[in-house]
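J.: Next come the chains, spelled out residue by residue.
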Amino acid sequence: MMDIVLQLLFTGIGIGAVYALVALGFVLIFRATNVVNFAQGEFSMVAAYLMVVFSVDLGWPYWLSFLLSLGGMALLGVIFNLGVYYPLRHRSFLPVIIATIGASILMANSVLAIYGPQPQVLQGWFDTPGIQLGPVYLDSQYLLIIAVTILLVIFNYWFFERTMLGKKLQATSQDKEMASLLGISVSTMIMITFIYSAVLGGLAGILVAPVLFVSIQMGSTIALKAFAATIIGGFGDVTGAIIGGLALGVIETFGAAYISVPYKDGFAFLVLIFFLVFRPQGIFGERVAEKA
Amino acid sequence: MALLEIRDLVVRYGEIEALRGVSLTVDQGQVVTLLGANGAGKSTTLRAISGLAKPAAGDILFDGKSIAGLGPETIVRLGISHVPEGRRIFPGLTVKENIMLGASNRRVATAELSREADAMFDLFPDIRKFSSSLGWTLSGGQLQMVAVARGLMAKPRLLLLDEPSLGLAPVIVQAVFKIISEIRRNTTVLLVEQNARMGLSVADHGYVLETGRIVLGGKPDELWGNEAIAAAYLGGHAKASA
Chain R
166 MMDIVLQLLF TGIGIGAVYA LVALGFVLIF RATNVVNFAQ GEFSMVAAYL MVVFSVDLGW
226 PYWLSFLLSL GGMALLGVIF NLGVYYPLRH RSFLPVIIAT IGASILMANS VLAIYGPQPQ
286 VLQGWFDTPG IQLGPVYLDS QYLLIIAVTI LLVIFNYWFF ERTMLGKKLQ ATSQDKEMAS
346 LLGISVSTMI MITFIYSAVL GGLAGILVAP VLFVSIQMGS TIALKAFAAT IIGGFGDVTG
406 AIIGGLALGV IETFGAAYIS VPYKDGFAFL VLIFFLVFRP QGIFGERVAE KA
Chain S
8 MALLEIRDLV VRYGEIEALR GVSLTVDQGQ VVTLLGANGA GKSTTLRAIS GLAKPAAGDI
68 LFDGKSIAGL GPETIVRLGI SHVPEGRRIF PGLTVKENIM LGASNRRVAT AELSREADAM
128 FDLFPDIRKF SSSLGWTLSG GQLQMVAVAR GLMAKPRLLL LDEPSLGLAP VIVQAVFKII
188 SEIRRNTTVL LVEQNARMGL SVADHGYVLE TGRIVLGGKP DELWGNEAIA AAYLGGHAKA
248 SA
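Note that the protein sequences, when read in sequence, are chains R and S.
Heads up: the first sequence runs through residues 166 to 457, numbered per our numbering.
Heads up: the second sequence runs through residues 8 to 249, numbered per our numbering.
Warning: the hint list may mix true and false statements.
As the list claims (entries may be wrong) - Interface residues of chain R toward chain S, partial, derived using beta-carbon atoms under 7 Å: (1) 332; (2) 340; (3) 343; (4) 345; (5) 347; (6) 349; (7) 350.
Claimed, not checked - Stretch-level coverage of chain S by chain R, calculated; a stretch enters the list once three of its residues show a Cβ under 8 Å from a Cβ in chain R: (8) 72 to 82; (9) 93 to 99; (10) 110 to 118.
Claimed, not checked - Simulated pairs of lysine to aspartate or glutamate, DMTMM-like, Cα-Cα distance not exceeding 25 Å: (11) S:162 with S:125; (12) S:72 with S:15; (13) R:429 with R:168; (14) S:136 with S:123; (15) S:61 with R:340; (16) S:162 with R:340; (17) S:136 with S:125; (18) R:341 with S:34; (19) S:185 with S:125; (20) S:162 with S:234; (21) S:162 with S:129; (22) S:136 with R:168; (23) R:341 with S:80; (24) S:61 with R:342; (25) S:162 with R:168; (26) S:185 with S:92; (27) S:226 with S:70; (28) S:226 with S:34; (29) S:162 with S:119; (30) S:162 with S:211; (31) S:185 with S:34.
Simulated from the structure, these hints should not be mistaken for laboratory data.
Note that the coordinates shown come from a computational prediction; the quantities given were computed from them, not determined experimentally.
Built from N, CA and C at the ideal position, the CB exists for glycine as well.
Using the sequences and the hints given, assemble the complete structure.
T.: Structural data, given as structure tokens:
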């Protein structure tokens, strides 16, 4: 009994870490621009396909493909900022949100046009499928996901709390006009945010690709879960996004195991609805009120 | 020599003409106070100087060169620091971080920045103990001190102060103006005030702004001496703030 619980907990945290990374991308862009980027999930999808291009189609080494894919995502972040956000930055949030939805449709259909509807397969980083630790089987890809997420959370904390660039990014997200009065280049800060968020989303996609199939739909599936995670955590809160993502992964894994497998995705949204009704500000809600 | 010269400045917000041909001069080393009622265009004048509002006509010369239409990030690098209305302290950053960010217009190593921020607490001893408190936890007077300290971190040649006394208790207002009189030793100040008595007490020169136009300018004594004006623009506010 306990063995199964531990096993499910491991898997849940593994998949939850992916949601957390994408949720973090949502939150960072939201804080910098006050806009929800509905193309955040497509960043994951595009990165997974870039891995397929480099690693499977071209047969390049996994680590090289990985670095190239992340580089490609950084470039996509630049293009996305200049093409989608920047021209609309002085408008209200609505045109920008619609533009991100348009961009997500464009990305999904461009990949569809190139690769067709059949899902692609991507190998995991390690040859060893996993290790047995006592009663729990630790899948190597899930271990990698968890390790990378922990490192990124630490990096994120260091970057935003310990560097002046992080402070400037925070200042920009809190009051753009004041930041510009101090000589902080607001457009540069927003550019950095888009690059970072695209790389985070891409990393999530590359990490989760060997667990799922690489498909056109993977972006929207991950994004919906990550979006739910940000609401559960409290929109705009970095810690909330990470905890919300992990919680969602664990809940849906346990729900699938003990209640119903076909309704696996349903549990995430049941939790989302519960939060929207009873605690719309999320777990870490106070800072959202302050932002509004 | 004029450090700042504004010529026939017009600023529009959509259909509304907020400034309708404002001209004024700030000489090097002076404190110049801009007085006027709510909506007279005082804040708009400062916003136009710092680049937040785009002039529709007229010119703004800093050190003899036009800065009209430049962006705020460029203007602060030229040496004009704007402490805006409402203090605008970043609520989620600490007091020291807020002050350190004030030097974003200059290239300074982080360690040096930290030392400069610590030195700033010598001028503002009241906020030293809040160094690591988050911005939103401070009171209005403390926020004003942080805002001025942050503005000075830019090492500006011209400091624009927008209503530093707004919403503060009289004793705090006194403290803020004591600091302004210390700042003036090194920095030229353009001060916007509704509190005419305090505003003129530190000034070398004053202007009165009414519905987007300068209606009067002169030395503080002359402004007080003009009875009709004193009653209309100065007396009322002085009484209200006493």
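J.: Does each hint fit the structure? Answer for all of them.
T.: Cross-check of the supplied hints:
1. Interface restraint check: residue 332 of chain R against chain S, minimum CB-CB distance 5 Å, threshold 7 Å, status holds.
2. Taken as an interface hint, residue 340 of chain R checks out: its beta carbon lies about 6 Å from the nearest beta carbon of chain S, inside 7 Å.
3. A hinted interface residue such as residue 343 of chain R counts as satisfied when its beta carbon comes closer than 7 Å to some beta carbon of chain S; here the least separation is about 4 Å, so the hint holds.
4. Proximity of residue 345 of chain R to chain S holds as hinted, the smallest CB-CB distance being about 4 Å (cut-off 7 Å).
5. Below 7 Å, beta-carbon pairs count as interface contacts, and residue 347 of chain R has one with chain S at about 5 Å; its hint therefore holds.
6. For residue 349 of chain R, the interface hint holds, since its Cβ comes within 7 Å of a Cβ in chain S; the closest pair sits about 5 Å apart.
7. Contact between residue 350 of chain R and chain S, as hinted, is supported at the beta carbon level, the nearest pair being about 6 Å apart and thus within 7 Å.
8. Counting residues of the segment 72 to 82 of chain S whose C-beta sits closer than 8 Å to any C-beta of chain R gives 3, which meets the bar of three, so the coverage hint holds.
9. With a threshold of 8 Å between beta carbons, the proposed coverage of the segment 93 to 99 of chain S by chain R holds, since 4 of its residues qualify and at least three are required.
10. Three residues within the 8 Å Cβ limit are the bar, and the segment 110 to 118 of chain S against chain R gives 4, so the coverage statement holds.
11. Between residue 162 of chain S and residue 125 of chain S, the direct Cα distance comes to roughly 15 Å. Compliance with the 25 Å bound is thereby established for this hinted pair.
12. Using a Cα cut-off of 25 Å, the hinted pair residue 72 of chain S and residue 15 of chain S holds, with the two alpha carbons roughly 16 Å apart.
13. For a cut-off of 25 Å, the pair hint linking residue 429 of chain R to residue 168 of chain R stands: about 21 Å separates their Cα positions.
14. Straight-line distance between C-alpha atoms of residue 136 of chain S and residue 123 of chain S comes to about 16 Å, which keeps the hinted pair within the 25 Å bound.
15. A C-alpha spacing of about 19 Å is found between residue 61 of chain S and residue 340 of chain R, which places the hinted pair at or below 25 Å, so the restraint holds.
16. Between residue 162 of chain S and residue 340 of chain R the CA atoms are separated by roughly 22 Å; this keeps the pair inside 25 Å, and the hint holds.
17. Taking the CA atoms of residue 136 of chain S and residue 125 of chain S, the gap is near 11 Å; set against the 25 Å cutoff, the hint holds.
18. In summary, the hint linking residue 341 of chain R to residue 34 of chain S is not supported, as the alpha carbons are separated by about 31 Å, beyond the 25 Å threshold.
19. Distance restraint check for residue 185 of chain S and residue 125 of chain S: the Cα-Cα separation of roughly 20 Å lies within the 25 Å cut-off, and the hinted pair is therefore satisfied.
20. The straight-line distance between the Cα atoms of residue 162 of chain S and residue 234 of chain S is roughly 39 Å, outside the 25 Å bound, and the hint therefore fails.
21. For the given pair, residue 162 of chain S sits about 16 Å from residue 129 of chain S by alpha-carbon distance, which is consistent with the 25 Å threshold.
22. For the suggested pair residue 136 of chain S and residue 168 of chain R, the alpha carbons sit about 52 Å apart, so the restraint of at most 25 Å is broken.
23. Annotation: proposed proximity of residue 341 of chain R to residue 80 of chain S holds, straight-line Cα distance about 11 Å (limit 25 Å).
24. For the given pair, residue 61 of chain S sits about 14 Å from residue 342 of chain R by alpha-carbon distance, which is consistent with the 25 Å threshold.
25. The suggested pairing of residue 162 of chain S with residue 168 of chain R is violated, with an alpha-carbon distance near 64 Å, which exceeds 25 Å.
26. A threshold of 25 Å between alpha carbons decides the hint, and for residue 185 of chain S with residue 92 of chain S the separation of about 19 Å falls inside it, so the pair holds.
27. Under the criterion of a C-alpha separation no larger than 25 Å, the hint pairing residue 226 of chain S with residue 70 of chain S is consistent with the structure, at around 23 Å.
28. Among the hinted pairs, residue 226 of chain S with residue 34 of chain S is consistent with the structure: their alpha-carbon atoms are about 13 Å apart, no more than 25 Å.
29. Taking the CA atoms of residue 162 of chain S and residue 119 of chain S, the gap is near 14 Å; set against the 25 Å cutoff, the hint holds.
30. About 21 Å separates the Cα atoms of residue 162 of chain S and residue 211 of chain S, which keeps this hinted pair within 25 Å; it holds.
31. Taking the CA atoms of residue 185 of chain S and residue 34 of chain S, the gap is near 21 Å; set against the 25 Å cutoff, the hint holds.
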